[in-house]
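Generate the whole structure from the sequences, applying the supplied hints.
Protein chains: 2
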Amino acid sequence: MGDHGEQVSNKQVILRDYVVAGIPKESDMSVTTGTIRLKVPQGSDAILVKNLYLSCDPYMRSRMKKLEGSYIESFKPGSPITGYGVAKVLDSGHPNFKKGDLIWGKTGWEEYSLITSNDILFKIQHTEVPLSYYTGILGMPGMTAYAGFYEVCSPKKGEYVFISAASGAVGQLVGQFAKLLGCYVVGSAGTKEKVDLLKNKFGFDEAFNYKEEQNLDVTLKRYFPDGIDIYFENVGGNMLDAVLLNMRLHGRIAVCGMISQYSLEQPEGVHNLSCLITKRLRMEGFLVIEYYHLYPKFLDMVLSSIKEGRIVYVEDIAEGLESAPAALVGLFSGHNVGKQVVVVARE
Amino acid sequence: MGDHGEQVSNKQVILRDYVVAGIPKESDMSVTTGTIRLKVPQGSDAILVKNLYLSCDPYMRSRMKKLEGSYIESFKPGSPITGYGVAKVLDSGHPNFKKGDLIWGKTGWEEYSLITSNDILFKIQHTEVPLSYYTGILGMPGMTAYAGFYEVCSPKKGEYVFISAASGAVGQLVGQFAKLLGCYVVGSAGTKEKVDLLKNKFGFDEAFNYKEEQNLDVTLKRYFPDGIDIYFENVGGNMLDAVLLNMRLHGRIAVCGMISQYSLEQPEGVHNLSCLITKRLRMEGFLVIEYYHLYPKFLDMVLSSIKEGRIVYVEDIAEGLESAPAALVGLFSGHNVGKQVVVVARE
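Listed in order, the protein sequences are those of chains A and B. Just so you know, we're using the numbering used here here: the first sequence kicks off at 36 and counts up by one. Just so you know, we're using the numbering used here here: the second sequence kicks off at 36 and counts up by one.
In short, the hints are calculated from the structure, not lab data.
Treat identical chains as interchangeable: a pair holds within one or across any two.
With a Cα cut of at most 25 Å, we get these calculated DSS-like pairs of lysine-lysine:
id, residue 1, residue 2
1, Lys256, Lys100
2, Lys191, Lys236
3, Lys101, Lys256
4, Lys101, Lys314
5, Lys111, Lys314
6, Lys314, Lys192
7, Lys256, Lys234
8, Lys332, Lys191
9, Lys100, Lys314
10, Lys314, Lys141
11, Lys342, Lys214
12, Lys123, Lys332
13, Lys74, Lys85
14, Lys85, Lys158
Right under this line is the structure:
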């Protein structure tokens, strides 16, 4: 290896072009092979990593569109997709990271990445759990669940909690947090398998398949005869409209995502917002990026909960970078069961 | 006058039948004449009042429908409309009220009322301002503006504030509160006359006639090139959708009312709720009934502001109970300029 490092081939997942509307297709991406030098440029504070696990997250749908003035940047057509991942440092110009460190944070959908902006980059200290967990329960989705539930929902013991897209990376954890607090917890998901998971694996009190329900208002009245105190919103649209009708006085709606809406050209209309007044509801959107200062506290709690078996976690693992486009696309039709991860390499 | 009191004729405004959808018409009400004894029944803690001023308020539209499980009760077809008003006590079985007292609170749309439930009933102590003010700036709408702005909006000096239906009883006061705090304040209303009032009388920085605007998103961008911190929501529907696109990071929306929606069979859909996430907005509904404990503090502040000329107030006065149906109906097509009051008697 010379000064400039060994040049190796680098498989990458490229976004072909912006995906304006509709559920993204595998063919919106291509897997190509470029080259990369396994060394950080002289004088740079970048880090050069080998990617191990990549995270498929709903917010990535928005990044496939041309965005202006958003909190996130669009993917660049012709360039690799970027997102959260777990990686191993091969070379570092940054004082906080050294060769051999494991990190999680923003990286590229490729075998090797040169990470030049490290706004969200954490060194992994605890490796007694699967490393892939840092794309989910111990990473961004975990922090999202933690911040959304404890900081936004103002939960109290015994309250009635409803979670949509409940078997996903965030939902499964919110439900378990709520159970630990002594809440009554119901989740919705889109297949029988997911519903079983919610009830039998994650310990939800009840769960239902929203695709089998004729009238979500009636469904919610069945599971919440006394109404909903907390709604953890992951889907938007019709579900939100039905929930509004079933909220209790002073209920809280934490708006984490609206996955049912991301691929629509025109989002569905929500008609029951006057319930905000009559029931004096608070509806609040949040983004995990504002809560990373809580990460150490969160990590302590969740790590010990995992070790003591009080929290469980389900992943849907896709093998190899070639499977990444299908894994990401599957998220938007609900193919994944649990947190969708792509393994690029295991070490 | 005997034991049972003098029996007198009592003109009343009666709701003929529920008004399901559409803007209510004068013919949905009738003015009839009954009789009443001017004495409280023996042993009762009711009070018998002569009504002076009646308040026309947007929430009354909902009470014309058949409501179930709502925070308010429907009007009773065949019975007098009820609402907020100012009245003079003629007889009292209640220890807190005596003959000659002036009160404001819930009363009937009639010349004389027997008030048996006095949950919201305040004795008027300050009569150096017009008594009609206790239907508005010093009564329920005033308290609504105060609670909504100071308790729900979390306002800070210098913030950008937008108020819809801004020349109404609540809006005109919210705008003046915001100006007193050093905010930049823009209001919308539905006529040139109201817009002039907002700018020239209430001291708003800017105001516009929403009926003359083609595209409310563009309009709001013109008045708020840097976005809106606080939206005081009185109208709902399209306006809310346009506002969501123009909110700033961490903006707050206090949902006070949605007058544009009350007469629709199916409320309009709101499409831009995903802005709650991307901009991390809080949207919160509230009802004045939860804030009456703040009334003494509110009254102190607003009374002195009125006396010192820091707050002004505009009423639209309809003369006589016969004019009450038209006055109430006019509210829903925006006929009133300022707070709509009906004078039943002046003393």
